[in-house]
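Residue-level listing of the chains:
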Amino acid sequence: MGARLAGTGLGVARLLFQAAGIVVLVFFLCRVVPGDAVDRMTLEGGLTLAQEAALRAEMGLDRSLPVQFVDWAGGALHGDFGTSLRYHRPVSDMLATALPSTLKLAGFSFLVGIGLAIGLAVAAAMSGSRWLAGLVNFVNVWSIALPTFCVGVIAILIFSIWLGWLPVIGGLLMPVLILGMDNAGQIGKPLFEELREATTSAHVRTAHAKGLGPVRVALFHLLPTALPVALAMSGLVLAGLVAGTLTMEILFGLPGLGSLMLNAIHGRDYPVVQAAITVAAVGLVLINALMDIVHRAVDPRLSR
Amino acid sequence: MTAPLLQVRNLTVRAGETEILRGLSFDLHAGRTLALIGESGSGKSMTGLSLLGLLPRGVAYGDGCAISFDGAPLPLRDERGMRAFRGRRIGVVFQDPMACLNPFMRVGTQIGEALRRTGVRSAAARRRHIADLLCEVELPDPAISARYPHEISGGQQQRVMIAMALACAPDLLIADEPTSALDGTIAAEIVRLLATLQSRHGTAMLFITHDLSVAGALAHDIAVMNHGEIVETGSAETVLSRPEHPYSRRLVEARKALVGMPGHPTVRGAACRAVARDLSVDYPAKGLFGRPVRAVHEADLVLHEGRTLGILGQSGSGKSTLAAALCGLRAPATGSVRLLDETLTPSEPRLSRAQRRSVQFVFQNPYGALNPRLTVRRLLEEPLALAGAGGEAPAKIEAALEEVGLEPALAARYPHQLSGGQRQRVCIARALLCDPKILVCDEVVSALDMTVQLQILQLLKRLQAEHGFAMAFIGHDIEVVRWIADEIVVMHAGRLVDRFEVADLQAPQRHQQTRLLLSSVPPRAA
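Protein chains in written order, with our numbering: chain U, 1 to 304; chain D, 1 to 526.
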């Protein structure tokens, strides 16, 4: 029990360390990019040097980097990400409106992806059908070879402009299906390979020898074997969704973290960029931790 | 006599053009045991699977095979039809229970799955049945059913497999090498359990094995398989004592030769090659707060020139670790090893490079011990090049190959083009090229077929007589070890519990662990 607690403590410490590293990195990376929010405004509106200096002082951009960092990080720890330099709204509010939309898009795409992947991989592995195995490969090559923004543009051309079935702006169906297909390709292939190997494994043969039906064999004996692979791939896919949702949001004009981040980067709106990336990064760290926990929970050999 | 329960006629199984099973025919009556014996690759496991309709993908039944079960033909090509027999009337126990049990499921649940097939629906009734079944396979502790497969021992796992097969009270039990992944003493218990259960329930049993002594102890009838054919069928006594087919004769004689022992010349005053005093060996700690694990406790040993020390024990008893420490591959934790002309201690654990060549190893799995990308010639050149004798290599390699009984032409082949016995001979040749003073053989024959085992043992014995090296022979099979060794030490849980000259093996003062290992040798039918 003591060892278990110590292990959990170590795990939590590691997570905190990772998150802190990301926060530091994001802050300084933002500052490495030439030009700040005021330069950007000068470019757009033509400010005088005096006005620039005044603005910088007002935004606190004239202070040294470590001071700015401590100020920002201290606020972020309390959930206060500061105020947008361009829109003069609290960043937390902006995040609160953007996040649900992104989560919805990512969540649905992930569900579509994993459902499609598991269904295809199990059917292909159990049936031994060459046609289904080919389909698994096709989806895999599709997801590697065709970037989602490219598929997105073509889909808009076909379904919105030529056929007029779906709206170009704001519809969730097309981006969810496009991202889902992309995810299914990444998860489906390794899952299928793992399952195909498992169909010839001794314990699956034993299950057949017990006379169990194909559904029971698939659900209770075959699928658990492939779980570690499915979980590992899911972790990667979820990480990929950060970038995936960004392109989809921009392409389909959806409000969300991606659109928010892109605008903020263009405007050198540091607090918004930092907040958005921090939220995404901490989310990823949490997802990875969650995958580890789920893996431990479902694989009895890992729990001590 | 009544009609046989299982009647196999002209069973042919092919993968593409190759015939894996060629026209097998045999009968099995209720309450009888038929042992199917043969060496690896003879098709005996495939026979078991074909009776269940569980042929691997790409393998199909040939035309004209007919298997009748309890008077009616088995619907071999109909998956759904066969499912009605599996787990209801035909039960099966495979080898390697660790791999056969689902690692994600508690063992009780796995037995419950089998029970559900026989119509035990309610959870409470299933629990009761599971407890009964576990008692029947002599696992009386009900807590076992809540464990996962990796939490119980190999013997317990195989008992769970048997309980699973018994759940449906089958008419036919197929046991496919059920003991080959288990230690000697545990294997003997499993064989005894299967015999008891079979006579209690009157089940017919098809027992697939490569081990003649197990077959002799258990079976009423024996069918000998070779290259997908049954070459001889008969009662166990007849086949084992008066085998007719030349192949069965070779099998039986290989085992008999192990029992008839060669002479053990007692060499008095032979030079000591290695002496261990109070030798303990630790495995390093795992993790930050782990403690080192002591694998060997205060062992005293001597290896003499020209003599063989047998190190006998079950798996995990520390015998390989002891041998590795004795030869300077592992640092001693306490005590010392006097090896050749050097003394190894915890503070100075390493043998000098020149001396290291004088200690050579041959391992259990010859395929793993040979680099698959090198030809035999390149493999054998390596030790010569390291000794700076690369110039005379071709002649030396040819001589070494001849010495271990291999054609010099084999030097151009890769390991995967050789048989298991040939590979092990290459490993021995490689060790010989270093001109060893000590040869350590770690379970060198346990991965090999019976007939090949004897040839390798004879080879080692002859080479020792010619070269005079001291040999440490590690094994778990008491018959093999006593055949080759002059003196035997028995290890149990990291300690040397017994030590004796081979001639005193049966003496009354033997340790109980030794007697346990002895008793695991099944009584010989012949």
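Check the hints yourself; a few may be wrong.
Quick look at which bits of chain D chain U covers, simulated, 3 or more residues with Cβ under 8 Å [to be verified]:
id, region
1, 78-86
2, 111-120
Over the 10 Å line for every Cβ pair with chain D, so calculated as not near, a few chain U residues [what the hints assert, rightly or not]:
id, residue
3, Gly-9
4, Ala-54
5, Leu-61
6, His-88
7, Asn-137
8, Asn-140
9, Gly-180
10, Thr-206
11, Phe-220
12, Ala-281
These aren't lab readings, by the way, just hints derived from the structure by calculation. A virtual CB, placed ideally from N, CA and C, is assigned to each residue, including glycine.
Status of each hint after checking the structure:
Proximity of the region 78-86 of chain D to chain U, defined as three or more residues with a beta carbon under 8 Å from a beta carbon of that chain, is established by the 4 residues found. Taking a C-beta to C-beta cut-off of 8 Å, the region 111-120 of chain D contributes 3 residues in contact with chain U, enough for the three needed, and the coverage statement holds. The Cβ of U:Gly-9 lies farther than 10 Å from every Cβ of chain D, with a closest approach of about 13 Å, so its non-interface assignment holds. With a minimum CB-CB distance of about 56 Å to chain D, U:Ala-54 clears the 10 Å threshold, and the non-interface call stands.
With a minimum CB-CB distance of about 45 Å to chain D, U:Leu-61 clears the 10 Å threshold, and the non-interface call stands. Listed as outside the interface, U:His-88 is consistent with that label: its C-beta sits roughly 51 Å from the nearest C-beta of chain D, beyond the 10 Å cut-off. At the 10 Å boundary, the C-beta of U:Asn-137 stays outside the reach of chain D, the nearest C-beta of that chain being 18 Å off. Residue-level check passed: U:Asn-140 sits 22 Å from the nearest beta carbon of chain D, beyond 10 Å.
With 10 Å as the threshold on Cβ separation, the claim that U:Gly-180 sits away from chain D holds: the shortest Cβ distance comes to roughly 27 Å. Residue-level check failed: U:Thr-206 sits 5 Å from the nearest beta carbon of chain D, not beyond 10 Å. The beta carbon of U:Phe-220 is not kept farther than 10 Å from every beta carbon of chain D, the shortest such distance being approximately 7 Å. At roughly 28 Å from the closest C-beta of chain D, the C-beta of U:Ala-281 stays outside 10 Å, upholding its exclusion from the interface.
Hint compliance for this structure: hints 10 and 11 are not met, and every other hint is.
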